[in-house]
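Undergrad: In case you want the letters, here they are:
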Amino acid sequence: MKRAINVALVGNPNAGKTSVFNLLTGMNQKVGNFPGVTMDKVSGHYSFQGESTMVLDLPGTYSIYPRSMDERVVFDFLSDENAHDYPDKIIAVADASNLERNLLLFSQILDLGQPTILALTMLDMANKQGINIDITALEKEFNTKVVTINGRNGDGLEELKEAILESREVEYTALYDVRELSPEIIPVIKEKFDLKNDYIAYQYAQQTYSKSFLSNDDMQFIADAKVKYNFCDRQFQTTETVERYKIIRQKLSEIVTRSQPGEIKTRTSKLDKILTHKIYGYLIFMAVLLLMFQSIFEWANPFMDWIDLGFAQLSAFARSILPSGVLTNLIAEGIIPGLGGVVIFIPQIALLFCFISILEESGYMSRVVFLTDKIMRKFGLNGKSIVPLISGVACAIPAIMATRNIESWKDRIITIFVTPFMSCSARLPVYAILISLVIPDTRVLGIFNLQGLTLMFLYLLGFFGAIFSALILQKILKVKERSYFIMELPVYRWPKWKNVWITIFSKSRTFVLEAGKIILAISIVLWVLASYGPGDRFDQASTAVQNTYPTLDTTSVEFENALSAYKLENSYAGILGKSIEPVIRPLGYDWKIGIALITSFAAREVFVGTIATIYSVGDEENESTIKDKLKAEINPETGLPMYTFALGLSLMIFYAFAMQCMSTLAVVYRETKSIKWPILQLIYMSGLAYICALIAYQVFK
Amino acid sequence: MIKSAADLKPGQRGMVKDFTDEYISLKLLEMGVLPGTEIEMKFAAPLGDPICVDVSGYALSLRLEEARTIILS
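Residue numbers (the working numbering), protein chains in the order written: chain A, 1 to 701; chain B, 1 to 73.
Don't take every hint at face value.
EDC-like mimics (lysine to aspartate or glutamate), calculated; alpha carbons at most 20 angstroms apart, straight line [unchecked claim]:
1. K273/A with D49/B
2. K128/A with D54/B
3. K196/A with D88/A
4. K273/A with E40/B
5. K631/A with D539/A
6. K629/A with E558/A
7. K498/A with E158/A
8. K374/A with E65/B
9. K27/B with E243/A
10. K89/A with E159/A
11. K273/A with E65/B
By construction, these hints were calculated from the structure, which means they are not laboratory data.
Quick caveat, the model's predicted, so the values are computed rather than measured.
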């Protein structure tokens, strides 16, 4: 088979790189990993005129010099000629309405010496702004193929695909001669690593430590040479950038002509007057938030109910067609509900990413970041942390996935770390039952419902937990990376729906594949723990229940309930629950709550179902039945009701802070590519939960 | 008194002369904030920080702390 052509896409953020990528590859995209770095490698493929082409979408960057973790990937990838997917061609995407700045990166890419196509986007927008570009002159001046492409309707796509196939052997001459900067070191590095041109050799010296493929000896060799020949990284970078801009400006002076300024700029200015206004700015932001929450909670609900029902029916169906036995139980009670637990999040994730993608595409997200940066900065966060924190109220999983566009590694880690404190929708059923149990349904000051106030208190508790932890983390995290906030505010434009769809699709798929396998595995383990017990206790279950309740009819619902409660008590999960009793006793919990804590370790909402089973309530859906059962529960030591205010409060605080969501831990692992962060998060959050619940119980007891 | 980009009022313009912080300046240079370039202060965020300036035809937002490193002539 013929080898596929490898193409890499580079360009400034907001230059339309993703649109070009989506136009080329459509839905044929997959996410992999770059070796050695915590970055996703998004690639796709297409066939054109019988040739198969692999396209790699590199992170958006303003220059070849990395300023954030993900930007490191760009030069690392473009300079490793031995990599199996080293690009045959590079497509540099540039925004025609802002050509000068976009050409800085292009000029650096061009000097790497690999055949490069310049893909000009947003030419229509440039024309409307009164910017006219002589494409033929541009091709000639920069000695490269130029293709204009319209990200909205796909005009120019054919031409781009043809240009990728076309072999164009052009005489390579560097736009900017780096030998002027450091004449001695370049030949040394070039010879040592057998490099094809000066600029790559120069970049080896500039970016020695961000290259994943150099051995320690190689790095030492370069470091020594840098000292020997007095190589000044930053000074050379400054000179290079200034000189490149000079060359670009001089070349563009003949190519770009300006007529009267157009309407797009004025439209953006007018919108900014309202959207970043002192009062309206925040009001509109609040309205957008409200709409997002409303839709995530309301619109996703019917879909989530269908999924819930669908998986319940699937379980029943599997049970009805498969021969009864252990395997069937595993499928019907372990695997299918486990899968359901993954799929049920999809409506919320899809809706959330739909909103985020529209806000990003339209340019509004940059304004939200701009509006909130000063507030977030106080807590060691960044304007860009606001989106994950808000999303966390629905579900921490998509929220953590939304931290990707935070450039600063430190800010991103802090955001990931504190986002699970936000009260997600899975905590709501737990809060609801506990509040109705221990908080009286009375009014405070005549208008406020005490139960409602308690719920609000719990949400605030989560929010302050997040902020407080961010403050602590900011103090203890030692990072060399300096954080800054220099960000382009793109012009407002209508979202491209194709990009929105592809975002929704790919994010949902990533979630199902990555978080899904871990949730599924844990569900199966928990099922085994709850369904099996040591010795012959399970075989004797029926007899034991009959002995305890001699009056019950063995075919009655009550008997079934008592039997399942007995089984859970004697399962491994039950034994674990009992064994942790000494630890949770100071918090006011008994072994029954211990079992619920263990089963809800994978997902908080399981608490309600487990409690229902333990107190042998038949109908899990009926909250008032559970409530009555819990109310009737007597503490054997005191002879008073078990569920007191102190216990209820202690449990609520525990659920507000404890890290009881395997899916979140899985996604934190995925996003940080390190086991350290999810473990720290688990210890810190659960430790904080334990201490706070302990204080609450001991004070109010 | 030396004037920096942080001293501009909305609508005011200034010519970039120099930078006081080498690390920040590298990022600014890449973004097209070069000595000799004219910048125009557009507006500030409601809390006064960050600010938005117009640089060679596009809107750039930055914190006051970073704007202070841009010396104007």
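Undergrad: All hints, please: hold or fail.
TA: Verification of the hints:
Only pairs whose Cα atoms come within 20 angstroms are accepted, and K273/A paired with D49/B is accepted, the gap being roughly 16 angstroms. A hinted pair counts as satisfied when its Cα atoms are at most 20 angstroms apart, and K128/A with D54/B qualifies at roughly 18 angstroms. Annotation: proposed proximity of K196/A to D88/A holds, straight-line Cα distance about 14 angstroms (limit 20 angstroms). The hinted pair formed by K273/A and E40/B meets the criterion: a straight-line CA distance of about 16 angstroms does not exceed 20 angstroms.
Between K631/A and D539/A the CA atoms are separated by roughly 32 angstroms; this puts the pair beyond 20 angstroms, and the hint is violated. At most 20 angstroms may separate the alpha-carbon atoms for a hinted pair to count; K629/A and E558/A meet this at roughly 14 angstroms. Among the hinted pairs, K498/A with E158/A is consistent with the structure: their alpha-carbon atoms are about 18 angstroms apart, no more than 20 angstroms. Under the criterion of a C-alpha separation no larger than 20 angstroms, the hint pairing K374/A with E65/B is consistent with the structure, at around 11 angstroms.
For the given pair, K27/B sits about 15 angstroms from E243/A by alpha-carbon distance, which is consistent with the 20 angstroms threshold. Between K89/A and E159/A the CA atoms are separated by roughly 15 angstroms; this keeps the pair inside 20 angstroms, and the hint holds. For a cut-off of 20 angstroms, the pair hint linking K273/A to E65/B is broken: about 23 angstroms separates their Cα positions.
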